[in-house]
Amino acid sequence: MSIKQKILNGLDIAGLPAFKPIVLLLSGENPPEQINSILKFIVVPIIAFGVFLVMWWAVASNIETKYGNVPTPKEVAKEAGSLIDAHNESRQKAKDFYIKQGEKAKSYEEKAAGFTQQALAAATPEEKTKLEKRAAKMEKMATKTKNRKYAETPTYFDQIVTSLKTVFAGFLIASAIAIPLGIFCGLSNVFMAAMNPLIQVFKPVSPLAWLPIVMIIVGALYTTDPREAWFEKSFISSAITVALCSLWPTLVNTALGVASVDKDHINVARVLKLGTFTRIFKIMLPSSLPYMFAGLRISLSVGWMVLIAAEMLAQNPGLGKFVWDMFQNGSSQTLAQIMVAVFTIGSIGFLLDRIMIILQKLVSFDSVVSA
Amino acid sequence: MAFLEMKSVNKGYGSANLRTEVLNDINLQVEEGEFIAIVGFSGSGKSTLISLMAGLITPDSGQIMLKGQEITDPGPDRGIVFQNYSLLPWLSVAGNVDLSVKQVFPKLSRAERRKHVEKYVDMVNLLPAIGKKPHELSGGMRQRVSIARALAMQPEILLLDEPLSALDALTRAVLQDEITNIWEKDRRTVIMITNDVDEAILLADRIVPLKPGPNATFGPEFKVPLERPRDRTAMNDDPEFKKIRNAVTSYLMDVNTEAKSLNVNTNIVLPDIQPVDLSAA
Numbered sequence: 001m002s003i004k005q006k007i008l009n010g011l012d013i014a015g016l017p018a019f020k021p022i023v024l025l026l027s028g029e030n031p032p033e034q035i036n037s038i039l040k041f042i043v044v045p046i047i048a049f050g051v052f053l054v055m056w057w058a059v060a061s062n063i064e065t066k067y068g069n070v071p072t073p074k075e076v077a078k079e080a081g082s083l084i085d086a087h088n089e090s091r092q093k094a095k096d097f098y099i100k101q102g103e104k105a106k107s108y109e110e111k112a113a114g115f116t117q118q119a120l121a122a123a124t125p126e127e128k129t130k131l132e133k134r135a136a137k138m139e140k141m142a143t144k145t146k147n148r149k150y151a152e153t154p155t156y157f158d159q160i161v162t163s164l165k166t167v168f169a170g171f172l173i174a175s176a177i178a179i180p181l182g183i184f185c186g187l188s189n190v191f192m193a194a195m196n197p198l199i200q201v202f203k204p205v206s207p208l209a210w211l212p213i214v215m216i217i218v219g220a221l222y223t224t225d226p227r228e229a230w231f232e233k234s235f236i237s238s239a240i241t242v243a244l245c246s247l248w249p250t251l252v253n254t255a256l257g258v259a260s261v262d263k264d265h266i267n268v269a270r271v272l273k274l275g276t277f278t279r280i281f282k283i284m285l286p287s288s289l290p291y292m293f294a295g296l297r298i299s300l301s302v303g304w305m306v307l308i309a310a311e312m313l314a315q316n317p318g319l320g321k322f323v324w325d326m327f328q329n330g331s332s333q334t335l336a337q338i339m340v341a342v343f344t345i346g347s348i349g350f351l352l353d354r355i356m357i358i359l360q361k362l363v364s365f366d367s368v369v370s371a
Numbered sequence: 001m002a003f004l005e006m007k008s009v010n011k012g013y014g015s016a017n018l019r020t021e022v023l024n025d026i027n028l029q030v031e032e033g034e035f036i037a038i039v040g041f042s043g044s045g046k047s048t049l050i051s052l053m054a055g056l057i058t059p060d061s062g063q064i065m066l067k068g069q070e071i072t073d074p075g076p077d078r079g080i081v082f083q084n085y086s087l088l089p090w091l092s093v094a095g096n097v098d099l100s101v102k103q104v105f106p107k108l109s110r111a112e113r114r115k116h117v118e119k120y121v122d123m124v125n126l127l128p129a130i131g132k133k134p135h136e137l138s139g140g141m142r143q144r145v146s147i148a149r150a151l152a153m154q155p156e157i158l159l160l161d162e163p164l165s166a167l168d169a170l171t172r173a174v175l176q177d178e179i180t181n182i183w184e185k186d187r188r189t190v191i192m193i194t195n196d197v198d199e200a201i202l203l204a205d206r207i208v209p210l211k212p213g214p215n216a217t218f219g220p221e222f223k224v225p226l227e228r229p230r231d232r233t234a235m236n237d238d239p240e241f242k243k244i245r246n247a248v249t250s251y252l253m254d255v256n257t258e259a260k261s262l263n264v265n266t267n268i269v270l271p272d273i274q275p276v277d278l279s280a281a
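Protein chains in written order, with my numbering: chain A, 1 to 371; chain B, 1 to 281.
In case anyone wonders, no lab produced these hints; they're calculated from the structure. Given the structure is predicted, the values throughout are model-derived calculations rather than measurements. We treat Cβ as the ideally placed atom computed from N, Cα and C, and that holds for glycine. Any given hint could turn out to be false.
[Unchecked claim] Chain B regions said to be covered by chain A (calculated; three or more residues, Cβ under 8 angstroms): (1) 64 to 78; (2) 95 to 109.
[Claimed, not checked] Once the Cα atoms are required to be at most 27 angstroms apart in a straight line, the calculated BS3-like pairs of lysine-lysine come out as: (3) 273/A <-> 107/B; (4) 273/A <-> 133/B; (5) 132/B <-> 20/A; (6) 273/A <-> 115/B; (7) 361/A <-> 132/B; (8) 7/B <-> 273/A; (9) 119/B <-> 273/A; (10) 6/A <-> 132/B; (11) 4/A <-> 132/B; (12) 102/B <-> 273/A; (13) 132/B <-> 273/A; (14) 20/A <-> 133/B; (15) 263/A <-> 132/B; (16) 67/B <-> 273/A; (17) 133/B <-> 4/A; (18) 102/B <-> 263/A; (19) 133/B <-> 263/A; (20) 133/B <-> 6/A.
Just chain B, same shape as in the assembly (with noise of 0.2 angstroms):
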C-alpha cells in the first residue's frame, strides 16, 4: 500500500448551475521518502490539490489516504509551507516556530523546546535574524521561516504549495539547494508543487504534470533518474536533464494548446431541420 494515496478525487466550487469543476478523476500514489513534483500552469487546482491533501477542504468524491487512513481534517502530521508564508507577523521567527513546536510537543520543558526551535532555524540558517518580526524579513527569509516551522512539527510529509514562486530567480536558486539538502538528511516524504520545470527536475524523484483545468486531471509522470546530489550548472548541460526538460515542457505546451483550443471551439451546431414551404400546400 501507497504512503500517499488519491482515489478517483473529484473537487468543485459553486452550487449546481454555477458549478466549477476543478479537479477530475484525481490519482495519485506517493511513496515513503519520494520527492514528488506536481506541475502546471496556473490556475490549474495546484492549490485545491494542495489543500486537499493538507485536509484544510474536503474531496466532492474518491478519497485521501494517509497510511491508509483517510483524510477528513487538518493536522499537523501534515506539514504545509503555504506560498504567501502565512507567519503570524506579531511573532518572532523564534515564535512562529514555538506555536508549532508547543502544539505538537507539549511534554517538552522550555529549554528543551528552545533548543528544538533553534535546530530548525538553523537547518534553514536564519539563527541571526531568530528574534525579528516577519516584517523585518525579506520574501526569502520569510518563506524559510515558514519551511523551519513546517519541518518543527516533524511531520509524515511534508507539502509545499509553490513554495518559491513569490522569490526573484536567485533567491530562489538557494532556497532550492536548501530545500535539496534538507532533504537529504532525513529523506521525509515531500509533494511540491510548483510551476517551473527546472525546480521540478532539480529537486524531484517524480514529476506529475497537472493539466490546464477546469476538470484538471494529472496526465502521464515522468521519472527523473538523475544521481543525486545534482549540480545545478552541470546538469544544463546533462543530455538526461535535456530530455526529459524537452518531455515534460513539451507535454504540458501540447496539453495547454489542447485545452484552448478545446474552449475556442464553440462552433453552435445547428439543428438539422428545413423550412417548409406552407403556400405550396
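Just chain A, same shape as in the assembly (with noise of 0.2 angstroms):
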C-alpha cells in the first residue's frame, strides 16, 4: 500500500474524511474536483464557525452583567492566554522552591558532615558523642527538607489532567462492571429478565440525585488516613459517581451485542460443537463487540458530562470545581474565565469521542460506524 493510500486509510478510520481532499489534490488527482469538496467540506465550516463568532461579538458587547461586559472572544482568547501564563508562573515558582530547597539541604548535609569529621578528631568520648548527635540532627533535617512539598495550588491544566484522570477511572469502573453484566444478560433470557427492572429504573437517574448518595457511603468506608491513601476521597466519590451513570449504555449494547448475534454464526458453532467457553470467546464476543464499543463510546460521553456536574456539586478538584470557583470570585474575568471552560471541556471531549471512534473502527470487522 501506497504511503498516500494510508493516509486515506488512516483519515478514515479516524473519522475525518473531509481532509481526504487534501491529500488526494497533493497527490494531483483530479484537482478541480478536490478543491470542491475543500470548499464544501473545510472552507464551508471554517466560515460557520467565523460567522458564530462574529454574532458572539455583536451580542456580547450590548449585555451588561454585574461582571461587566460579556466578554467577546478576543477577550476569551486573551483570558487563556492569561491562564496558560499562571500555569507557567506556578511551574517557575514550584521549581525555584525546589532548587532552593536543594541548595538548603546540601549545606545541612555539609554540616553534618562536617560534625562527624570533628566528632572523630575529637579528645573526650563525651565530646564525641556529643558531635555525633548534632551531625544526626543536621542529617534528619537535610532529609526533611529534601522531602518538604511545594503547597501549590492546582493550576487550570492541574485541574484538567485531574478530571481526565477522574474520568478514565469511572469509566474503567463502569466498564468492569458493565461488560460482565451485559454479557451475562445477552446470554441468559432469564438473567436479562432478573436485571431488566434495576436497569430501567437506573438508568435515567441523574448524576446530581447519585452524589449526595455516593459521597455519604464513601465518607462512611472511606477510613484510611488521607496522607496513606492511593487515592483521594473526593475522586473516589466523583469516580463512582461518573462509574454509576456511564454504565448504563454499555451494559445495554453489550447485552444486545451478544444476544443477536448472526444465527448462521451460531449454526456454525453447533455444526462445530463447540464447547461453552469457545463459544462465548470465539463467536459470541468477537461478533458482538462492535456493539460493546458503540456503547463504550456513549458510556464514555457520558461520564465525561456528568463528571463535570458532580465535581461542581461537589467541590472535587477539577475543571467543575474550576467553574465553580470562578463563577464565586465574582471578579470581572469570571465570564471569560468560565467560556475558556466551556471550551476546554468541550473540546475534550471531541477528542474523547474521536478515540473511542478510532477504537471502534478498529474492531469492527465490517468497518462501518457513523461518526
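Build the complex: two chains, separate frames, hints provided.
Now the structure itself:
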C-alpha cells in the first residue's frame, strides 16, 4: 500500500474524511473535484465558525452583567493566554522552591559531614557523642528539607489532568461492571429479565441524585488515613458517580450485541460442537465487539458530562470545581474564564469521542461506523 | 443398510391452527460415496431438509439415520456448506478453516494443524488469499472458504445447501468443476441441494426432485448414468444428457403446474339444501 493510501485509510479510521481531498489534491488527483470538496467540507465549516464568532462579538458587547460586559471572543482568548501564563508561573515558582530546598539540604548535609569529622577527631568520648548527635540532627534536617513539598494551588492544567484521571477511572469501573453483566444478560434471557427492572429504573437517574449517596457512603467507608491513602476521597466519589451514570449504555449495548449474534454463526458453532467457553470467546464476543464499543463510546461521553456536574456540586478538584470557583469569585474575568472552561470541556469531549470512534472502527470487521 | 436414511420424515412450523407442514413423508436412502442432488423450486423446503440432515432441527415425526445411528443434534461428521457462506467475518481464511480443524482434530500440533489448513485451502485454490478477511473476498472466494472449512473437518458426509446459487454463472461453472475434482479425489458422500437442473446432472449420480411445498415430498428419482469425468461443453450435445434434462425439467414443470392448480382450486362446495316454502303449509 502506498503512503498516500495509508494516509487516506488513516483519515477514514479517524473519522476525518473531510481532509481526504487535501491529500488527493497534493498528489494531483483530479484537482477541480478536490478543490470543490475542500470548499464544501473545509472552507464552509470554517466560515460557519467565523459567522458564529462575529455574532457572539455583536451580541456580547450589548449585554451588561454585574461582572461587566459579556466577554468578546478576543477577551476569552486573552483569558486563555493568562491561564497558560499562570500555569507557567506556578511551575516556575515550584521549580525555584525545589532548587532552594536542594541548596538548603546540601548545606545541612555539609554541616553534618563537618560534625562527623570533628567527632572523629574529638578528644573526649563525651564530646564525641555530642558531636555525633549534632551530625545526626543535621542529617535529619537535610532529609526533611528534601521531602518538603511545595504547597501549590492547582493550576488550570492541573484541574484538566485531574478531571481526565477521574473520568477514566470512572469509565474503567463502569466498563468492568457493565461488560461482564452485559455478556450475562445477552447470554441468558432469565438473567436479562432479572436485571431489566434495575436497568430501567436506574438508567435515567441524574448524577446529581447519585452524588450525595455516593459521597455519604464513600465517606463512611473511607477510613484510611488520607496521607497514606492511594486515592483522595473526592476522587473516589467523583469516579464512582461517573461510573454509576455511564455504565448503562455499555451494559445495554453489550447485552444487545451478544443476544443478536448472527444465527448462521450460531449454526456454525453448533455444527462444530464448540464448547461453551469457545463459543463465547470465539463466536459471541468477537461478533458483539462493534456493539460493545458503540456502547463504550456513549458511556465515555456521558461520563465526561456527568463528571463536570459532579465536580461542581461536590467541590471535587477538576474542571467542574474550576468553573464553580470562578463563579464564586465574581471578578471581572469570571465570565471569560468560565467560557475558556466551556471550550476546554467541549474540545476534550470531542477528542475523547474521536478516540473511541477510532477504537470502534478498529474492532469492527465490516468497517461501517457512523461518526 | 443405507449410509444415510430418511424414514417418513415430517416437519412443519408454527403452532396448532397456524401450522404449515413443510415436509411430508420424506423417504431417502443414500449409499456411501454417492453424490445426490436434490432439485426443487424455491420455497419447497430444501433448506429445511438440509437442516434436518445436519441435525440443526429435529423432525416432528420419522427418523434420520446416519450409519444406523439416529441423528439428534448437529456434529462435525456432517460437514455443511451454507448458502450464505456463514464465515466469521473477524477471522481470516486460515482462521475460519482453523476453527473447525482445531475443534475436530484437537490432538494435532500447531504445525500439523497449519499444514492441514493449508492443504484444504489449497484444494479450493485459495492459498494466495489465505491471510485475507472474508470482506476482502469475492462471493465465489467466500464460498470456496466455506467449502474448505467443511472439507477440512473430513466429514462422513458433505451437505451442500444451494452452495452456488448466489454466484454468477461463470464463477458457478468454475466452482462446479472444483467440486467435481475434489469429489473425484476422495469420493465422499455428498448431498447437494440446488435449483439448477444442469448443475445437478453435471455433478450428481442421482437426482431427487422435491415437489413444491407445503407438504413437499420427493418425486420419482432420476439416475444419471453419464460417464465421469463429465465435460460440460461436450455434454450439451450428448443425447443422454439432453434426455435426462428434459425428463427432470418437464417433471418439475408438471408438478409445479399441478401444485399451482391445486392452490387456485378454491371453489367453495355449497351445501346441497333447498329453501323450504313455509307459506305453502
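Outcome of the hint check:
| no. | hint | in the structure |
| --- | --- | --- |
| 1 | 64 to 78 | holds (count 5) |
| 2 | 95 to 109 | holds (count 4) |
| 3 | 273/A <-> 107/B | 16 angstroms, holds |
| 4 | 273/A <-> 133/B | 23 angstroms, holds |
| 5 | 132/B <-> 20/A | 26 angstroms, holds |
| 6 | 273/A <-> 115/B | 23 angstroms, holds |
| 7 | 361/A <-> 132/B | 18 angstroms, holds |
| 8 | 7/B <-> 273/A | 25 angstroms, holds |
| 9 | 119/B <-> 273/A | 23 angstroms, holds |
| 10 | 6/A <-> 132/B | 18 angstroms, holds |
| 11 | 4/A <-> 132/B | 22 angstroms, holds |
| 12 | 102/B <-> 273/A | 11 angstroms, holds |
| 13 | 132/B <-> 273/A | 25 angstroms, holds |
| 14 | 20/A <-> 133/B | 25 angstroms, holds |
| 15 | 263/A <-> 132/B | 23 angstroms, holds |
| 16 | 67/B <-> 273/A | 20 angstroms, holds |
| 17 | 133/B <-> 4/A | 23 angstroms, holds |
| 18 | 102/B <-> 263/A | 22 angstroms, holds |
| 19 | 133/B <-> 263/A | 20 angstroms, holds |
| 20 | 133/B <-> 6/A | 18 angstroms, holds |
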